[in-house]
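*Asks:* Make one complex out of these two single chains by using the hints.
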Amino acid sequence: MTDFSHIVQFFFSGLTSGSMYALIAVSLVIVYKVSLLICFAQGEFFVIGALAMVTLVSKGLPMPLAFVLSILISTVLGALVQRMLIKPIQNAGIGNLIVMTIAISLTLRGAALLVWGKESHILKPFSSGAPIPVLGATLQPQVLWIISITIVVLIMIWIFFEKTKLGIAMRACAENRLGASLMGISTDKAALLAWAWGSGIGALAGMAVAPLLFMQYGSGVMPMVKGFIAVSIGGLSSIVGSVVAGLLLGTVEAYTIGLISSKFSDTIVFSLLMVVLIFKPSGLFGKG
Amino acid sequence: MMLKAEAISASYGRVKVLKDIDMSVESGEIVCLVGANGAGKSTLLKVISGIVPAGSGKFLFEGQDITNKKPDFIVKAGLSHVPEGRQIFADLTVRQNLILGSYVHNLPKQEMAKLFDSVFELFPVLKSRLMQKAGTMSGGEQQMLAIGRGLMSQPKLLLLDEPSLGLAPLVVETILKVIQNLRSTGISILLVEQNVNAALQISDRAYVIETGAIVTEGKARELMENDEIKKSYLGM
Ligand SMILES: Nc1ncnc2c1ncn2[C@@H]1O[C@H](COP(=O)(O)OP(=O)(O)O)[C@@H](O)[C@H]1O
Ligand SMILES: [Mg+2]
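Residue numbers (our numbering), protein chains in the order written: chain A, 1 to 288; chain B, 1001 to 1236.
Bound-form chain B, shown alone (with noise of 0.2 Å):
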C-alpha cells in the first residue's frame, strides 16, 4: 500500500471541507480523484502533503504515518506534489526551479546531473530552455517544468492537481503519456483532472468526490459505464 487515507477531516475556519474520506494508492497505481469544482479535490491534496492540516484522521504512507507532518518531511519521505496552478518560481530560472525540486535532499554534483537528465528525458524542451526565467515560457512548458520540478525529489508517489488545466490539447496528450510513463517507471499517481474522459483512460481506479465526501469507487474502466458518472462528468 502506497498511500492510506483513513477519515480523513478537514476545514478552513469553521467551514468543514473535507468529511471522513477513506481512500488509497496502491504501489504503482495511477488513481483519479474526479469532483465538480469545489468538491474538496485540491484541499485533499494540500491535506496529504502537509499544507492544510488534517482535523481528524489518519494518513499512512507505506505503512508510516504522516498525518500532519510538516511538508518538507513528507517530501523527504517520497511524496511530491505538483499543485493546481502550477506554483512554479517565475522569476527564477528553469534550472533554479528544478534544483528546488530536490531542496529537502542533498545530493551531490553528480546524482543531481542524472536527475536533470531524467526530467529532459521527459521533457527534451526544458532542457534547450535552463537559463530561461520560468516565467516567460509557455503554459505548457510551465506545467512541463512544474512536473519535472516535482520529479527532483524522487518520489515515489506523485500527486498531481488538474495538470491539463488551460493546455492545448497536443500538450494535454504529451503530459498524459508522461504519467503513463511514469508509472512505468514505478511511481504511484493520484491525479486530480477536469479531463475526466482522459483521466479514467489512463486511471487503474478512481473516487467521486462531492462536496467534500467520496460519493463513489471503482475501476475506472467501471466508472466510465456509469450511468451516473456519465451523466455528471462525461457530459453524455
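Looking at chain A on its own, in the form it has when it is part of the complex (with noise of 0.2 Å):
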C-alpha cells in the first residue's frame, strides 16, 4: 500500500514530467497561432538542444555558457528550418505543412543519430547538492531547476506577447494576416520569429530534463506526443490551457504509474484526451 510520502513523492514527478510537457506544449502553441500549423518536428529541438549540451559539457565548457550555446543552436536550426523548409511551400496547403513538417522531424532525428550515436547520453545536473527531504519524500534540486526554468520561461512569454510591440506584432499576425500586412508587420518575419521561439523553448525542455533521463536521438517521440495531445487538450492556440494540460497530464500520468500500473498510464492520457475533444473539441481553453 502507499502512504502520504509515496503520494507526495508522486506529486513531484507529475510536476517534473508535467513542466516538461508544457513547455513542449507551449513551443507547439506558439508555432501555430503564427503558423497555424504543428510543428511534428519539435521533439527533435528536445533533443538536439539537450544533446548539444552534453556535448557541449563534455568539451569542457561551463555550464552556463553550454545552457546558453545549445538554446542558440536550436533557435538558430528552427529559424533555418522555417525558411529553408517551410517558407518555400508555405502555400501549398496544411495537408502538404504537415507532411513537411513529420519530414523534418525524421531528417533531423537521423541527423541526431550520426552526430550522437544510438547510446543514451546523461547531462550533469545544473547544480550539486544532495536530493531535498520534503514530508517523507526527495526532491531532486534539478526538479527544482526544471521548474524555474518553466516560471521564467512562462513570465518571458507572457510579458513578450503582452507587452513588448514585436510580439503583440506576432500575435495580430496570427489573428488577422490582412490587418497585420496593412499595419507593414512582416507575417514572414512572425512566422519565423515564432520558429525560433518555438524551437528555442523545445530545445530548453530538453536540456532542463536531460539530468533525469537517459536521452538518445529518438528520446523526443514521447514528450512531442505528450506535448501536442496537451495542445489539444488545452486547447491549439491558447499558451494557458496548453500549460494548465501540459502539467494535468503529467500529474495523472504520474499517479496512474504510482497507483496502479506503468501499463495504464498511457490508456488514461489517451482516454482523457477523448473524452476533452468528444465534449469540447476545441479543447479546455480553445474559442468555439
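Please keep in mind that the hints were generated in silico from the structure rather than gathered at the bench.
Warning: the hint list may mix true and false statements.
Derived coverage of chain A by chain B (criterion: at least 3 residues anywhere in the stretch with Cβ under 8 Å from a Cβ of chain B; other residues may be distant) [as the list claims (entries may be wrong)]:
no. : stretch
1   : 165-173
2   : 194-204
Here are some chain B residues pointing at chain A (derived, C-beta under 7 Å) [to be verified]:
no. : residue
3   : Tyr1012
4   : Pro1071
5   : Asp1072
6   : His1081
7   : Pro1083
8   : Gln1087
9   : Phe1089
10  : Asp1091
11  : Leu1100
12  : Val1104
13  : Leu1107
Ideal Cβ positions, reconstructed from N, Cα and C, are used throughout, including at glycine.
*Replies:* Right, here's the structure in full:
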C-alpha cells in the first residue's frame, strides 16, 4: 500500500514531466498561433538541445555557457528550417505543410543519430547537491531547476506577447493577416520568429530534463506526443490552456504509474484526451 | 500631388480586375471612389497599399514611386489603409490595436502618448475602452478603432474602404464628420463608400469605376447632378 510520502513523491514526478509537457506544448502553440501549423519536429529540437548541451559540457564548457549556446544552436536551427523548408511551401496547403514537418522530424532524428550515435547520454545536473527531503519524499535539485525554468519561460512569454510591440505584432499576424500586413507587419518575419522561439523553448525543455533522463536521438518522440496531447486538451492556440493541460497530463500520468501501473498510464492519458475532444473539441481553453 | 495612379492594372490569377486605371488625389482633397459591388474598388486600394501586386502601371506618392513596394515601406511613406470589414485584432486590447497602428515607426513614449491623445480627441469613446478586447466592442466602435489605428501611423493620405458599412445612421454621421475633420488637419482622403449620396456630399472629386475601369470622373457636386449617376448610384 502507499502512504502519504508516496503521494508527495508522485506529485513531484508529475510536476517534473508536467513541466516538460507544458514547455513542449507552449512551443507548439507559439508556432501554431503564427503559422497555423503543428510542427511535428518539436521533439527533435527537444533532443538536439539536450544532446548539444551534453556535448558542449563534455568539451569542458562551463554549464551556463553550454546552456546558452545550446539554446542558441536550436533557435538558429529552427529559424533555418523555417526559412529553407517551410517558407518555400507555405502556400502549398496545410496537408503538405504537416507532412513537411514530419519529414523534418525524421530527418533531424537521423541527423542526431549520425552526430550522437545510438547510445544514451546523460547530462550532469545543473547544480550539485543532495536530494532534499520533503514530507518524507525526496526532491531532486534538478526538479527545482525544471520548475524554475518553466516559470521563467512562461513569464518571459507572457511579457513578450502582452507587452512588447514585436510580440503583440506576432499575435496580430496570427489573428488577422490582412490587418497585420496593412500595419506594415511582416508576416514572414513573424513566422520566422515563432519558429525560432518554438525550437528554443523545445530545446530548453530537453535540456532541463536531460539530467533526469537517458537522452538519445529518439527520445523526443514520446514528449512530442504528450506535448501534442496537452495542446489538444488545452486548446490549440491557448498558451494558458497548454500549460494547464501539460501539468495535468504529467500529474495524471505520475499518479497512474504510482498508484495503478505504468501499463495503464498511456491508456488513461489517451482516454482523457478522447473525453475532452468529445465534449469540447476545441480544447478546454480553446475558443468556439 | 499626393497620389497619382498611371495605367494601373491588376489581376487575381488570370482574372483581370483592374484595367488601365488613371486617377489622382491632390493634397488636401477628399476623393471618392464610387462603383457597384465587385467593381474593383477594394482591389484598387489594396494595390495602392502593396497588399495586391500591380500587374502594370505606376503609383507616385508625393512624387516617389511606390509601385509594388512592401506595405511597411508604403505605411512609412505616409499612406494608411483602413480596410473593408475593419480587420481589427479582435483578441487584442484597444490599446494594443492602436500601438500596432504605429508599428512601422519607432516612436518614443511621449510621441506615442501624443498620438493616442489625438485619436481620443476624434473618438473619445476609445479612451474608456483602452483595456477592453477590441472584439467585444460594437460595430461602430470597432470602425472608430480601425480608423484610429490607421491614424496612428501619422498618414498624409488615408484610404478608407466602406467605413460606414453596416453602421447605425448616427454613427455614420460621426464618421463622416471625422473624415471632414481629418481633411481640415491636412490629411488627404481617398474614400470608398456604398452610401454614395453622403460620400459625394463631403467629397471634392469622385471617380466612378465599373468592372475594373474608370468610366466617369469629375467634381463631386457635378456628379451629383449627373443623370446617369443619379439613376445608378443615388437611386433617383
Ligand atoms: N482575393 C481574391 N481572389 C480572387 N478574386 C477576387 C479576390 N478579391 C476580389 N476578387 C474579385 O475581384 C473583383 C473586384 O473585387 P473588389 O475589389 O473587392 O470589388 P469592390 O470592392 O468594388 O466590391 C470581384 O469580381 C471579386 O470577386
Ligand atoms: Mg470592396
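*Asks:* Which hint numbers does the structure go against, in order from smallest to largest?
*Replies:* 2, 3, 13
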